[in-house]
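Below are the chains, spelled out letter by letter.
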Amino acid sequence: MNLEDEIAGKLCEKFPFMTDKIYVQKEKRIFTKPLSRDEFEKTIRYVHDELGFYRACHVVGTDDGDSIGLLYILSNKDSILLILRESVPKTNTEVTSISDIYPSIVLHERELVDLFGVMVKGLPDGPRYPLPDGWPDGNYPMRKEWNPKNFNKETMTYQQPQETEAQKNG
Amino acid sequence: MKILEMLLKAFIFPGFLFLSVYAFVAEFLDRKMYARMQNRVGPPWYQPIADFFKMIGKKTIIPADANPVIFRLMPFVSLAAVAASFLYVPVFGSKAAFSFNGDLVIVLYFLAIPPLSSFLAGWYSRDVYATIGATRILTQMFVYEVPLFISVLAPALLAGTWSITGMMAYYSVHPLYALINIPAMIVALISFQCKLERAPFDTPEAETEIVSGALVEYSGRFLAFFKMSLDCELVLVISLFSAIFLPFTTGIAGLDFLLYIVKTLATLLCLTLLRVSMARLKIVDIVSFCWKRLTPVALAQVVLNLLIRGVL
Amino acid sequence: MVESDNFGDNRIAVPIGPQHPSLDEPGCFDITLEGEKVVDAVIGVGYNHRGLEKVCESKTYIQDLYIIERVCGICSHAHSTAFCMGIEELSGLTIPPRAAYIRVIVAELERLHSHLLWLGVACHEIGFDTMFMFTWRNREKVLDILAVLGGNRVNYGVNTIGGVRRDLDETLTSQILKTMEMLEEEIKYYVELAHTESTLISRLAGVGKLSKEDVIHYGAVGPVARAAGIEDDIRVKEPYGAYKEIPVHMITDTNADVYGRTVVRILEMQESINIIRYCLKNIPDGAISVKAPRKIPAGEVIIRVEAPRGEDIHFIRSNGTDIPDRVRVRAPTEANWHGMKHMLEGGYLADVPITIAAIDPCYSCTDRAIQLRSEKDTRVLDWKELRQYGINFYKKQGIDISTLSAGR
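Residue numbers (my numbering), protein chains in the order written: chain A, 12 to 181; chain B, 885 to 1196; chain C, 31 to 438.
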């Protein structure tokens, strides 16, 4: 448990807001509670430059109801995983890409754009991933409210179930 | 009667019919040996013939942008060149169907036509993969033609004649002189493998890189004839090789024919062994290999033969 | 986007994919060539997007196990092991030691057959069909064992939540040991081949270079990283299951190119044989599974296992019911794609297939649009128009295929 506590200690020292947000879940897993945009920006640069977390394994998107949760999973040479959490409201999903310091996160950030509708600014040019080009706008499959049964594959359109309800009632 | 005899020789034996039959047999043996060496079963004896007739029956799609004349003409040009040059190689007995002083050079020039027709076919197919394959064919041709020509002309220099029949006659009188040509034999074997575009020199037809190279747009009967011309080229190469470098004859015509079959099949075995045991080389490696290793050996052989000829 | 046209300045754009003999699954690599050298590469990939994660959110955990196993055909056991480990951790289960050992044996067998498959495919990419036939013949022996053990040659459903479903008996153990002996001889031959066969070395050495700094920069994992000298193997760095008791040697190499990756994979096969033998000698007796609860307590867990292709990460979030809240699978190949552009540029066209094959890619993509350019006009066709173009072409020949569904 030593190395993990050491890292947590260094982060708390550098950033006072971390003291009640960081927790060591178990061996080789350090989690944080949701950080604000600003806090996240500062932390990610610090852990990349000073703490030796050189690899961004992944960024997981989760649908938490009114907001989209983002979990950035970073790894260092001792294979310790640091998970930085961020939460953006569904009404304003703007985040900045970290692909300038971690090029290996590009595909996963594109996935957030396509599947969750998160607006990631600063991604390099390239084809979208993983949805096809003809995919209709506004359809974010991984959001909980998107039901695959309402999607018509022939016409590539999403039919809201409320319309049929209204037809039944009125 | 002379004309009838000439026609029989040109079209039946040892002409076009014999060439086609032997081409299918050679392809079958090549594929069977290749498969057995890889611990597989391999195709049955009628596979090449079945492939040929199946392809003739298939639909031919010609790309809209391709040149219609050249696209259709190239398989037959290639086949005609090979069939014509086969008539100058001794098959039955120690005399070829037709021979004259200089037919060795004619055969070598005709042998340059199949790769050239593949190049033209690929170039006028207007396809990305075909263009790359065609360019590779020409690049390869520039590098193997030199050692090939030199290594084949070295025994001719020693024999003092430019006719294949004449060479066979000379070496059957002085059989031991054939041993002097062993370096040229090795260079020629490798250069012929290069000409036939078989592994390790099959980069113009690299299936995993450029799909099928120059012939990628071919299908149906044109592809069938192109493949047949490649098989006939194989037979021509092994016959030429055994006539020049394994010129042992007994004088009895029938026995010579059997000896011809044995020699050509032995050559085929060597070519298949080369194909089985190596990976495909890159075009830059082929270029440097041909210039740095094959050509110097061939040149040395020519010098040696000239010296020995001067002594004799 | 696929363009097949000549640029004015001696450059030619070659599409490798989505349909190409060198790719097992569709993927789009648009290579721009100048002569034979690659000057630009655009990579378009996406996994064969079957919407697995969305499906997982509407099925129970035990149903999801079958879905997760089918994320990939060749690393199926790694994925199902990770998923089971995640659920076992969330519900506080400890699986019996015999089950842990059986999981390791199947994982190492999977590593063996995956590396043999890779070796064959790599040799086929460089035109060495003989090696392709030999390695795949050996692979059949491994698949025979897996078929007896699990019931299927790939996607062998050996794992369950709480342990394993099938046990080893005397005949199977002796069959495994005999096969290991035979494979050991064959792998010695492959090692010798990798060190002495000059055509092989000339095709593999110096190709697809990804130096140590580049691997760190682009975040590559698995044999790609180990070939550059980086010590990255989850079985050693963060041992899980029975790997906590089994000695595993990490194989690294200093040639940071395709040749290094070949050597690493061949030596890893040798190491797998040693691990299997150790397991079979020391496997404890006992039960092979414990009963798992239907409802999994709420929580989050991140599990890492070492799949044949590298580090495989699973994220599971549960909410106290028997249906998961979020399941996320990060396959190892997703980490390896980012260095591909760097590896392809500066090489030759002949090196493109082997470079792509050397990271051992494990998924497919759906291509989107094709741009046709002729002298007269430029048109962009999207999927619907392309399909209609094909239907019209064949209607002219008298064949009607429009009745076939356009669904994906």
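Don't take each hint at face value.
[To be verified] With a straight-line cut-off of 16 Å between C-alpha atoms, the simulated EDC-like cross-links for lysine to aspartate or glutamate are:
{"id": "1", "chain 1": "C", "residue 1": "Lys267", "chain 2": "A", "residue 2": "Glu15"}
{"id": "2", "chain 1": "A", "residue 1": "Lys101", "chain 2": "A", "residue 2": "Asp75"}
{"id": "3", "chain 1": "A", "residue 1": "Lys37", "chain 2": "C", "residue 2": "Glu87"}
{"id": "4", "chain 1": "C", "residue 1": "Lys321", "chain 2": "C", "residue 2": "Glu119"}
{"id": "5", "chain 1": "C", "residue 1": "Lys171", "chain 2": "C", "residue 2": "Glu211"}
{"id": "6", "chain 1": "A", "residue 1": "Lys39", "chain 2": "C", "residue 2": "Glu330"}
{"id": "7", "chain 1": "C", "residue 1": "Lys84", "chain 2": "A", "residue 2": "Asp75"}
{"id": "8", "chain 1": "C", "residue 1": "Lys321", "chain 2": "C", "residue 2": "Asp352"}
{"id": "9", "chain 1": "A", "residue 1": "Lys88", "chain 2": "A", "residue 2": "Asp148"}
{"id": "10", "chain 1": "C", "residue 1": "Lys242", "chain 2": "C", "residue 2": "Glu216"}
{"id": "11", "chain 1": "A", "residue 1": "Lys44", "chain 2": "C", "residue 2": "Asp352"}
{"id": "12", "chain 1": "A", "residue 1": "Lys37", "chain 2": "C", "residue 2": "Glu119"}
{"id": "13", "chain 1": "C", "residue 1": "Lys67", "chain 2": "B", "residue 2": "Asp1169"}
{"id": "14", "chain 1": "A", "residue 1": "Lys88", "chain 2": "A", "residue 2": "Glu24"}
{"id": "15", "chain 1": "C", "residue 1": "Lys208", "chain 2": "C", "residue 2": "Glu170"}
{"id": "16", "chain 1": "C", "residue 1": "Lys325", "chain 2": "C", "residue 2": "Glu301"}
{"id": "17", "chain 1": "A", "residue 1": "Lys155", "chain 2": "C", "residue 2": "Glu261"}
{"id": "18", "chain 1": "A", "residue 1": "Lys88", "chain 2": "C", "residue 2": "Asp355"}
{"id": "19", "chain 1": "A", "residue 1": "Lys21", "chain 2": "A", "residue 2": "Asp75"}
{"id": "20", "chain 1": "A", "residue 1": "Lys88", "chain 2": "C", "residue 2": "Glu243"}
{"id": "21", "chain 1": "A", "residue 1": "Lys160", "chain 2": "C", "residue 2": "Glu119"}
{"id": "22", "chain 1": "A", "residue 1": "Lys101", "chain 2": "A", "residue 2": "Asp125"}
{"id": "23", "chain 1": "A", "residue 1": "Lys37", "chain 2": "C", "residue 2": "Glu118"}
{"id": "24", "chain 1": "A", "residue 1": "Lys155", "chain 2": "C", "residue 2": "Glu87"}
{"id": "25", "chain 1": "B", "residue 1": "Lys1111", "chain 2": "B", "residue 2": "Glu889"}
{"id": "26", "chain 1": "B", "residue 1": "Lys916", "chain 2": "C", "residue 2": "Glu87"}
{"id": "27", "chain 1": "A", "residue 1": "Lys25", "chain 2": "A", "residue 2": "Glu61"}
{"id": "28", "chain 1": "C", "residue 1": "Lys267", "chain 2": "A", "residue 2": "Asp125"}
{"id": "29", "chain 1": "A", "residue 1": "Lys39", "chain 2": "C", "residue 2": "Glu119"}
{"id": "30", "chain 1": "C", "residue 1": "Lys171", "chain 2": "C", "residue 2": "Glu216"}
{"id": "31", "chain 1": "C", "residue 1": "Lys267", "chain 2": "A", "residue 2": "Asp89"}
{"id": "32", "chain 1": "C", "residue 1": "Lys311", "chain 2": "C", "residue 2": "Glu216"}
[What the hints assert, rightly or not] Coverage of chain A stretches by chain C, computed from C-beta distances (three or more under 8 Å per stretch; other residues unrestricted):
{"id": "33", "segment": "17-26"}
{"id": "34", "segment": "55-65"}
{"id": "35", "segment": "90-96"}
{"id": "36", "segment": "117-130"}
Note that these hints are calculated values from the structure, not bench results. Where is the CB? At the ideal position from N, CA and C, for every residue including glycine.
So if I understand the rule, the pair passes when the alpha-carbon distance is 16 Å or less; does A/Lys101 with A/Asp75 pass? Between A/Lys101 and A/Asp75 the Cα gap is close to 10 Å, so the pair holds against 16 Å.
For A/Lys44 and C/Asp352, compute the direct alpha-carbon distance and say whether it is at most 16 Å. violated, 25 Å
Is C/Lys267 within 16 Å of A/Glu15, Cα to Cα? Roughly 15 Å separates the two Cα atoms, so the pair holds.
Given coverage of the segment 117-130 of chain A by chain C, checked by CB-CB distance under 8 Å (3 or more): That given contact holds, which follows from 3 residues of the segment 117-130 of chain A lying within Cβ reach (below 8 Å) of chain C.
For the pair supplied as a hint, A/Lys155 and C/Glu87, confirm whether the alpha-carbon distance does not exceed 16 Å. holds, 9 Å
Is C/Lys321 within 16 Å of C/Glu119, Cα to Cα? At roughly 14 Å apart (the allowed maximum being 16 Å), C/Glu119 and C/Lys321 satisfy the hint.
For the pair supplied as a hint, C/Lys242 and C/Glu216, is the alpha-carbon distance within the 16 Å limit? violated, 31 Å
Holds or violated: C/Lys311 and C/Glu216, Cα atoms, limit 16 Å. Violated, at roughly 22 Å.
Under the criterion that the straight-line Cα-Cα distance not exceed 16 Å, is the pair C/Lys208, C/Glu170 satisfied? At roughly 14 Å apart (the allowed maximum being 16 Å), C/Glu170 and C/Lys208 satisfy the hint.
Is the Cα-Cα distance between A/Lys160 and C/Glu119 16 Å or less? violated, 33 Å
A/Lys101 paired with A/Asp125 [C-alpha distance capped at 16 Å]: Holds. A/Lys101 to A/Asp125 sits at ~14 Å (cutoff 16 Å).
Please work out if C/Lys171 and C/Glu211 have their alpha carbons no farther apart than 16 Å. holds, 12 Å
Against the hints set out earlier in the document, violations occur for numbers 3, 9, 10, 11, 14, 16, 17, 18, 19, 21, 25, 26, 28, 32, 33, 34.
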